[in-house]
Structures are given as C-alpha cells and as structure tokens.
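Visitor: What follows is each chain in one-letter form.
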Amino acid sequence: AQSVTQPDIHITVSEGASLELRCNYSYGATPYLFWYVQSPGQGLQLLLKYFSGDTLVQGIKGFEAEFKRSQSSFNLRKPSVHWSDAAEYFCAVGSSTGRRALTFGSGTRLQVQP
Amino acid sequence: DAGVIQSPRHEVTEMGQEVTLRCKPISGHNSLFWYRQTMMRGLELLIYFNNNVPIDDSGMPEDRFSAKMPNASFSTLKIQPSEPRDSAVYFCASRELDYGYTFGSGTRLTVV
Numbered sequence: 001a002q003s004v005t006q007p008d009i010h011i012t013v014s015e016g017a018s019l020e021l022r023c024n025y026s027y028g029a030t031p032y033l034f035w036y037v038q039s040p041g042q043g044l045q046l047l048l049k050y051f052s053g054d055t056l057v058q059g060i061k062g063f064e065a066e067f068k069r070s071q072s073s074f075n076l077r078k079p080s081v082h083w084s085d086a087a088e089y090f091c092a093v094g095s096s097t098g099r100r101a102l103t104f105g106s107g108t109r110l111q112v113q114p
Numbered sequence: 001d002a003g004v005i006q007s008p009r010h011e012v013t014e015m016g017q018e019v020t021l022r023c024k025p026i027s028g029h030n031s032l033f034w035y036r037q038t039m040m041r042g043l044e045l046l047i048y049f050n051n052n053v054p055i056d057d058s059g060m061p062e063d064r065f066s067a068k069m070p071n072a073s074f075s076t077l078k079i080q081p082s083e084p085r086d087s088a089v090y091f092c093a094s095r096e097l098d099y100g101y102t103f104g105s106g107t108r109l110t111v112v
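Taken in order, these protein sequences are the chains called A and B.
Quick note on numbering: this note's numbering labels position 22 of the first sequence as 22, and the sequence is numbered without any gaps.
Quick note on numbering: this note's numbering labels position 68 of the second sequence as 68, and the sequence is numbered without any gaps.
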C-alpha cells in the first residue's frame with residue numbers, strides 16, 4: 001500500500017527566509033509524486049509533480065522539490081518565502097499502474113511572520 | 001477553461017435528509033475522483049471513475065453513500081440519509097493525461 005508522511009504539522013518562518021517542507025513516502029515501485037497547496041476555503045492547487053527524469057523539479061510560485069529515492073523523500077523548498085505563501089501544503093503519491101488515485105499526506109500548515 | 005466545477009459551494013442540511021453533491025470535470029479528462037477532507041482524517045479518496053465507470057469505491061464509508069457518473073461531463077455524490085459525522089469538505093478532481101489532477105473548489109457540507 002502506498003502512504004505519505006509529512007512529519008511537520010505546523011511550520012512558522014519569517015518572510016524572506018528559506019523554506020523546506022518534508023515529505024516521505026512509501027511505495028513499492030517508482031512513485032509519481034506531487035505537491036499541492038491549499039489556501040483557506042479553497043481547493044487544492046498543483047505546485048509541482050515528479051514522474052521520472054531529473055530529480056529536481058521546478059514548480060509554480062518559485063517552489064522546487066527534490067526526489068531522493070534512497071531516502072524515500074520528496075521535500076519541497078523555496079529560497080525566499082513571501083507572506084502570500086501562508087497556506088497548507090500537501091504531498092501526495094500516486095501509482096504508475098494499478099490504483100490510479102492519489103494518496104495524500106496529512107498536510108503542513110505554513111505561517112509566515114512579517 | 002473553467003476548471004472542475006462543483007456545486008453547491010456550501011450545503012447545510014438536517015440529519016436524515018438526502019444530500020446531492022455535483023461535479024463537472026474538465027472536458028477531455030477521462031478520470032474523476034471524489035475526496036473528502038476532515039480535520040481528523042485529512043484527505044480521503046471516496047471513489048474514482050475511469051471513462052465513467054467506477055473503478056474503486058473502497059473508500060465509500062457505507063451504504064448511505066453512492067456516486068454516479070452518467071456521462072463524461074457530470075458526476076454526483078449522494079448521501080442518504082445524512083448524519084452529522086458526514087460534515088466535511090467534499091472535493092471532486094479530474095485527471096489530466098500526464099497524471100496531473102485538477103481539483104474543484106469543494107462543497108462544504110454541514111449536517112445538523
């Protein structure tokens with residue numbers, strides 16, 4: 001079974017500081033990995049995805065993520081956080097075959113201090 | 001492209017009433033997913049369809065829940081009878097060919 005762990009429930013960073021949100025997954029083969037962002041009262045917006053190839057993936061809003069197979073991780077990073085980045089972030093894993101649905105982590109809520 | 005459209009945005013109903021949530025996927029997407037989001041359980045997959053056919057409904061909580069996709073442009077999720085523990089945000093998503101998912105804005109259901 002596939003699963004996702006986001007160990008940090010809540011993170012606070014200062015505006016302009018760098019950010020790293022952790023994500024660990026469990027999956028038997030090469031996973032499809034995603035990061036989504038959810039603002040209060042809104043749906044989920046795709047930030048970036050990894051299917052194969054280059055393990056460093058660039059996304060929207062200046063975010064990037066790195067797939068590390070040896071660590072079963074897909075951490076999300078941003079070099080300089082803006083106040084508008086305050087939201088909840090979800091990592092998700094999907095299978096390349098079989099069950100074609102995403103399994104989500106529990107989310108990390110990001111607060112940005114001025 | 002209007003994205004995935006869900007209606008209503010908010011629904012307040014009394015326990016025991018029937019509730020129907022609606023979803024219009026993005027044209028050309030051949031997979032549709034219903035998720036439920038709660039504080040306690042996070043985002044849970046309820047059911048998904050490929051080419052209008054239900055593929056996996058193992059996440060549907062119980063017989064009170066049912067979902068249909070009569071055509072490629074419309075799906076419903078019905079709860080009958082509704083209970084307070086069904087209160088949640090229900091999301092619909094459709095899938096792009098490159099495996100990206102687009103989510104709707106959700107329906108916030110409150111059962112009192």
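Incorrect hints may appear among the rest.
[Stated by the list, open to error] Computed far set for chain A versus chain B, every beta-carbon distance over 10 Å:
| # | residue |
| --- | --- |
| 1 | 15 |
| 2 | 45 |
| 3 | 103 |
| 4 | 106 |
[To be verified] Only pairs whose alpha carbons sit at most 25 Å apart, straight line, appear in this in silico SDA-like list of lysine to any residue:
| # | chain 1 | residue 1 | chain 2 | residue 2 |
| --- | --- | --- | --- | --- |
| 5 | B | 68 | B | 56 |
| 6 | B | 68 | A | 43 |
| 7 | A | 61 | A | 84 |
| 8 | B | 78 | B | 63 |
| 9 | A | 61 | B | 41 |
| 10 | B | 68 | B | 41 |
| 11 | B | 68 | B | 42 |
| 12 | A | 61 | B | 5 |
| 13 | B | 78 | A | 41 |
| 14 | B | 24 | A | 40 |
| 15 | B | 78 | A | 42 |
| 16 | B | 78 | B | 57 |
| 17 | A | 61 | B | 100 |
| 18 | B | 68 | A | 95 |
Derived by calculation from the structure, the hints in this document are not laboratory data.
For each residue, glycine too, the CB sits at the ideal point set by N, CA and C.
Visitor: Tell me if the straight-line CA distance from residue 24 of chain B to residue 40 of chain A falls inside 25 Å.
Guide: 22 Å, holds
Visitor: Checking the smallest CB distance to chain B, is residue 45 of chain A really beyond 10 Å?
Guide: 8 Å, violated
Visitor: For the pair we were handed, residue 78 of chain B and residue 42 of chain A, check the Cα-Cα distance against 25 Å.
Guide: Holds, because 22 Å separates the two Cα atoms, which is no more than 25 Å.
Visitor: Need the status of pair residue 68 of chain B, residue 95 of chain A: alpha-carbon distance at most 25 Å?
Guide: 24 Å, holds
Visitor: Need the status of pair residue 78 of chain B, residue 63 of chain B: alpha-carbon distance at most 25 Å?
Guide: 10 Å, holds
Visitor: Given the proposed pairing of residue 78 of chain B with residue 57 of chain B, does the C-alpha separation stay at or below 25 Å?
Guide: Satisfied, since the Cα-Cα distance of roughly 13 Å is no more than 25 Å.
Visitor: Residue 68 of chain B and residue 56 of chain B were given as a pair; does the straight-line alpha-carbon distance stay at or below 25 Å?
Guide: Holds, because 12 Å separates the two Cα atoms, which is no more than 25 Å.
Visitor: Decide if the proposed pair is consistent with the structure: residue 68 of chain B and residue 42 of chain B, CA atoms, cutoff 25 Å inclusive.
Guide: Holds: residue 68 of chain B and residue 42 of chain B sit about 23 Å apart, inside 25 Å.
Visitor: Could you grab the alpha-carbon distance between residue 61 of chain A and residue 41 of chain B and see if it respects the 25 Å cut-off?
Guide: At roughly 28 Å apart (the allowed maximum being 25 Å), residue 41 of chain B and residue 61 of chain A break the hint.
Visitor: Closest CB-CB distance from residue 106 of chain A to chain B, is it above 10 Å?
Guide: 5 Å, violated
Visitor: Given the hinted pair residue 61 of chain A and residue 5 of chain B, is their alpha-carbon gap at most 25 Å?
Guide: Within the cut-off at roughly 24 Å; holds.
Visitor: Between the alpha carbons of residue 68 of chain B and residue 43 of chain A, is the straight-line distance 25 Å or under?
Guide: The hint holds at about 22 Å.
Going down the numbered hints, you'll see the structure goes against 2, 3, 4 and 9, while the others check out.
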